[in-house]
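Undergrad: Got two chains here, separate frames each, mind docking them using the hints?
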Amino acid sequence: MFKHFISELKETLICLEAGQVTLGYPFQPHAPEAGFRGLPVVDPLLCIGCGACASACPARLIDMTDDGDHRTVSFELARCTYCGSCRDVCPAEAVTMSMQFETATASTQDLRISMKLKLVRCVLCGDVVGTQRATDRVVRDLVAATGGTAETIGWLDLCLACKRKEAMATPALAIEVTR
Amino acid sequence: MLSEEIGQGMSDVSHEPPVTGHSDSRCILSSVHPEDLPRAVREALDTLGARYIVSVGTDRREVAGFFEISHIFGLDCRKAFLVLRSEIDPAEPVIPSITPDIPGAAWAEREIRDMIGVVPIGHPDPRRLVLPDDWPEGVYPLRKDFAFDERPPSVPHSRPPLSVPPQGSSLLPIGPFFPTLEEPVFLNLFVQGEHIIGVDYRGFYNHRGVEKLADAVLTYRQVPFLAERICGICGFVHSASYCQAIEAAAGISIPPRARYLRTILLELERLHSHLLWIGLACHFIGFDTLFMQAWRIREPVMWLTEYLTGNRKTYGMNQIGGVTRDIPSDALDRIPPVLDKIAYETGRVVDAIVGDSSLRLRLQGTGILTPDDARAFCVIGPTARGSGVDIDARRDHPYAAYGELEFEVCVEDGCDNWARAMVRIRELPEAIKIIRQALAGLPDGPIMAEVHEIPSGRVGLAVVEAPRGEVVHYVLTGRGQRPERWRVRAPSYNNLQGVPAMLRDMTIADAPITVGSIDPCFSCTERVAVIDSRAGTMRIYRQSELRAGKG
Chain B
1 MFKHFISELK ETLICLEAGQ VTLGYPFQPH APEAGFRGLP VVDPLLCIGC
51 GACASACPAR LIDMTDDGDH RTVSFELARC TYCGSCRDVC PAEAVTMSMQ
101 FETATASTQD LRISMKLKLV RCVLCGDVVG TQRATDRVVR DLVAATGGTA
151 ETIGWLDLCL ACKRKEAMAT PALAIEVTR
Chain P
1 MLSEEIGQGM SDVSHEPPVT GHSDSRCILS SVHPEDLPRA VREALDTLGA
51 RYIVSVGTDR REVAGFFEIS HIFGLDCRKA FLVLRSEIDP AEPVIPSITP
101 DIPGAAWAER EIRDMIGVVP IGHPDPRRLV LPDDWPEGVY PLRKDFAFDE
151 RPPSVPHSRP PLSVPPQGSS LLPIGPFFPT LEEPVFLNLF VQGEHIIGVD
201 YRGFYNHRGV EKLADAVLTY RQVPFLAERI CGICGFVHSA SYCQAIEAAA
251 GISIPPRARY LRTILLELER LHSHLLWIGL ACHFIGFDTL FMQAWRIREP
301 VMWLTEYLTG NRKTYGMNQI GGVTRDIPSD ALDRIPPVLD KIAYETGRVV
351 DAIVGDSSLR LRLQGTGILT PDDARAFCVI GPTARGSGVD IDARRDHPYA
401 AYGELEFEVC VEDGCDNWAR AMVRIRELPE AIKIIRQALA GLPDGPIMAE
451 VHEIPSGRVG LAVVEAPRGE VVHYVLTGRG QRPERWRVRA PSYNNLQGVP
501 AMLRDMTIAD APITVGSIDP CFSCTERVAV IDSRAGTMRI YRQSELRAGK
551 G
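Line by line, the protein sequences give chains B and P. Numbered according to the working numbering, the first sequence spans residues 1 to 179. Numbered according to the working numbering, the second sequence spans residues 1 to 551.
Isolated chain P, as found in the complex (with noise of 0.2 Å):
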């Protein structure tokens, strides 16, 4: 058994043997006091090589008497999940810090004191990170006492403090308005003339309240449509990856042809996303032409998943135990001729680009992550994959259809702009031989699984690799008809930590290409807190006040 193996390696640290996770025997739930945690952690990293994923803080004063903290770490070569659950005293809300040995998990802790109120002790970067610049100290928006409509009034120059530039250098502030992503970023360059010797990153300025809704006001089977929604561009992987937690949570298991059908869509998501990003960096570096060609040849995905679905972009099809409905019944003759043809001219794309030295001096050598900073931070994706970290969730922790299709997870090892950007090029025909393989296999039968009450206070974890590396979801069911606590973790959250490290000793013009080189997704990022920071002062302008030129 799986669970007994690991309780074997944790013994010393976990105060119980461990737990699965109740139906989903992948999910391992091991509990561990507050002050042996460090130990626990590394000896997760070390002994099991664990990889950190996020941390959870969940208010259960009401239910059960306390904080909970849980670490979620991935057992990749075990296919498995390591849930590390520390109760932590409402008399005494702290708990220590494990980012000294994992940098990648200081934005998880930080957002846990924002959030939670639980402080993490030894913390390198205490300052807030999630909430908006006039939050007062001591209101914490996720605990269950807080309102999800509640307003506390605005405190001025309460905004966290800039990191004290190092000694020499100047400041080039790009935002809180990103150039060229159109979203809003803060990013402070510290510069020596043009070369970048540090960074400091202040964001979350696009706050939705995402998670509060749902465990406040929302219904389990509203939430998909919410998730949907987290990301402008490949919102179908969180839907997919919320109804998987919820499914594992209440140990549902859905019909093969929902999970084909959920597999083919999320790959077409990521034919459109990589071909995205692919204008979107040669717009960074000012290569409008290829810009324009890669929208053009990514419009027909549109097109087609248009006529799948019912929309471009928001599909709408995924439902706890498998889709609503089912692709148009001559969806088989019109998929392929359009994979042709995307196949065909992203080929004859990249057969005229990597000869292009002008690209290629943009983006080889530049945005350096070394695979040792890459782990630290636990990028993931193509950031990952990028710098030879070889790791894929849909071969890792499979899901949907893909345990059962064959495809290879493109690994370079050039750690550079050009490296990140030739895993999303290689990935484009690894995409289109999925769907491929998916439409031959795609079994009949039923669509969607029959769904009974699910049960309180499960664990659900569920990973999807999206197009910009590994979208998780959390969800620890209630007794309502709502989750206790969901989290999301959308992959920039943890691939902008590592962009610092990539910024170091490159040059400013370097700086957008090596930030757009993640794929960053802001929105994604930033799903947490409550309220606009400008609540207090917002007002909407009449269209006639507009006309007479007032504002």
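Bound conformation, chain B alone (with noise of 0.2 Å):
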């Protein structure tokens, strides 16, 4: 019994020591930690419209359509978990997980992003090549590496396929397959 008093004596301390310690939000605001993962924020300046985030979304929340001319990117950031792949797979840092923690809407749309890039179609056939961000990026890259310019590199404005097709029929680049 008197064990019982002891414990319960105890318990009591523990109670008054701990004192109150519910937070005052939602009535305060609250900030999380640095390096939280909060709404992810997409910058529509930066964004080249590659589609890595698309493929890397574990959530599948994040749709590239083309259409006529341009590439419509759009995040339906109602069903986001946060998981941040988006932001570490993006080539062009547009993404970034931001402190938004309060997300709660009546309306899903307040949830979504959608941008329309402009797109560069394949001269000879008119498939799609790419964005024109990516495009341009590609050449600055390209022309940062080799010290040439954007027309000495030339194909820019060729898909895949034909790109492999003109390899195929430029003498100089073609090669010779012998055991």
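Be aware that a few hints might be false.
What the hints assert, rightly or not - Quick partial rundown of chain P residues pointing at chain B, CB under 8 Å, derived from the structure:
id, residue
1, 47
2, 226
3, 288
4, 290
5, 347
6, 348
7, 355
Since the hints were made in silico from the structure, they are not lab data. The structure presented is a predicted model; accordingly, all values stated were derived computationally and were not measured. All residues carry an ideal CB built from backbone N, CA and C; glycine is no exception.
TA: So, in structure tokens, the structure goes:
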């Protein structure tokens, strides 16, 4: 009996010592830790529409649709699980994970991001080569790496299949296969 | 060689010499004719001292022309696994049941019947287990010719019958929404007066089709994020276990730093999970003061993981080959003070409650699970260790950095709710000890190994000691960018099968804490089937309708 009393006294002391621990949130703002993965934010000026995020996203909420001269990149963030895969794979650093965790809304439209990017189509067959921005980026990197110019690099307005055909038809580039 | 040694033990029954699991020498695959299966199982149990883990059914008709049923065993003292694989003719999809020899295999065999359509002959309780109550007979959702988004027509009144109550007993239903756990489970207690004399379990209401998604839709590198969401408390164990299974199948060895980081996060998860359980257990018996205090002590762990990984619970760091992000550079300064505080505070709480006689009266002598029952139902984790069964995947099948760290496996022999509570309470300082060692020995270097294409047709098996017990992920690699079969065995899958034995002869008042004493996770257990049972009639109410008071 005495032991039980001591035990209850100890339990009381634990409670008294802790005091009130409840945070003031939501009446006071709550800042998450630095590095928190909140709602993804996409910078439409940086996105090159390459589609890396769309193939990495485990929730499959990023959609790429080509129509005419434009590619529409859309994020249905109502389904987002905040894993950060899109940020991790983005070569243009267009995606950042914000500190925003209060995403409750009456309309899922509020959680949709949609961007239209200009497309480059193959001059020979009309198939999609990529977005203008992705092509520009390739040119920039190739110019930096080779020291040439966009004109000397060439074939930037050809799709992959047509590039292959062109390469096979160019004697200087065709590789002779011998044993 | 381990495989040769095992081969001698199994030579009578295996029609081909056993082989090791391709890249993983600790996983021994042995082909067994279905008719020899019961003999092979007894051989494994008696000669090799094998412990049954789980059974997996795979529809391999497209690839190889048969159904494959694999019974997986742990050879714990040899740090190895034994997989008995049987090929089942699709024209006659039956297999001798192993449940008469291993009571703990009951659910896995019923699940194979539900999902693949291979019927275990001689099963003592062949009722439907996993599929919804209105699912048509003869439709098997894990067969490859069943599309992941297919919705068969609803068949009313196909609910499995209740098992017959013993003579002279009355029925006391608890559920289908468990009142204290706030989770969907239906326990029918057969009672005489206030004494429980039998239990019938109906669960699997929380179907999410996780395994089907992985072999039909997702890619290898997307699955870890889905795996992490299998459990709402200990998700990291699932993503770690999945990644380990793929790494074992493909022969990837991950960098030392990644192994240590996984260990640190796994133990932080154990800390917060056990503290959560202590709070819940107290809540079950009406001791809400301690419920509040345990959760208060837990909260700093959640803040710490938010700081380390970017989120309180879904760390999102496991990937095949290692971890995707490193912890912040000042983590080594920030983790130890949190550990010190938790160690001090849990010490004080434990000191206070061990003398609490009302707590002891509620926990001691209730929910008895004898060591024999614990072995028969193949229970694991604190549930097994509370009944004196000394198993712990961290020591028996070392993974991550556990092989290089020192820790004690906490075993109690009280066999009651108190013993299971004490195991968890004693594991708290052990977890802190492991994290401290891992921080002290944290190697520098890369956190991700180079991962090439994952070869097809390989078996990967990985276990992780989750807070609730051993989590098992089995992977059979596929020809595309996704597994041919991914099987998740959560610890509650086995532990729940031991609950009827624990409840027998108890009073009704002890039922919630006894069910709670295994720290059940129904959502983990019920990862398999495809469609909500109410899918046919489900509708979403618009805000305006709700405002108008419709529905």
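Undergrad: With reference to the structure, classify each hint as holding or not holding.
TA: Here's how the hints hold up against the structure:
1. Proximity of residue 47 (chain P) to chain B is violated relative to the hint, the smallest CB-CB distance being about 44 Å (cut-off 8 Å).
2. Look at residue 226 (chain P): its Cβ gets to within about 6 Å of chain B, closer than 8 Å, so that hint holds up.
3. Taken as an interface hint, residue 288 (chain P) does not check out: its beta carbon lies about 11 Å from the nearest beta carbon of chain B, beyond 8 Å.
4. With a least beta-carbon distance of about 7 Å to chain B, the hint placing residue 290 (chain P) at the interface is held under the 8 Å criterion.
5. For the restraint placing residue 347 (chain P) at the interface with chain B, the shortest Cβ-Cβ distance is roughly 11 Å, beyond the 8 Å limit, so the hint is violated.
6. Interface hint at residue 348 (chain P): satisfied, since its Cβ lies 6 Å from the closest Cβ of chain B, which is below the 8 Å cut-off.
7. Satisfaction of the interface hint for residue 355 (chain P) is found here, the shortest Cβ-Cβ separation to chain B being roughly 4 Å, below the 8 Å cut-off.
Going down the numbered hints, you'll see the structure goes against 1, 3 and 5, while the others check out.
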